[in-house]
Amino acid sequence: LPSGIDTMSVVINSNDIVGKRDFLLTEICRLTEPDMIEIEDHLALIAVVGRSMVKAKGTAARIFSALSAAGVNIRMIDQGSSELNIIIGVDEADYVTALKTIYGEFVK
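So for the sequence shown, this note's numbering puts the first residue at 36; every next one is plus one.
Worth flagging that the hints you see were computed from the coordinates, not collected in a lab.
Since this is a predicted model, take the numbers as computed values, not measurements.
Where a beta carbon is used, it is the ideal one built from N, C-alpha and C, also for glycine.
Hints should not be assumed to be uniformly reliable.
Claimed, not checked - Cβ pair distances, simulated, as ranges:
1) 134 x 62: 32 to 42 Å
2) 42 x 85: 23 to 33 Å
3) 60 x 127: 35 to 45 Å
4) 96 x 50: 27 to 37 Å
5) 91 x 131: 33 to 43 Å
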């Protein structure tokens, strides 16, 4: 998932790299010589998807405000140029609260 002009994020299920993490980091450093590598563990991703999002103003603000009011910290945000979805990353411990909060904001 792209996360900025001069940064890049790669999201991988930690179960998929058990025993391979150090090797992967070494290879990434060897091949790309990044300024920095940061690993975020225990991140849950939630995708908010809808065709109407393109025309609706304030969708992201509604998501962020609702999550803030519920005490959920957003650790990652990604929205593609199509504006059909917003992907947010939250602590795994906040996943259920975040999901219920977003559902409550848009569905109920």
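Checklist entry - Which of the stated hints cannot be reconciled with the structure, identified by number in ascending sequence? => result Hints 3 and 5 are the ones this structure does not satisfy, whereas the remaining hints hold.
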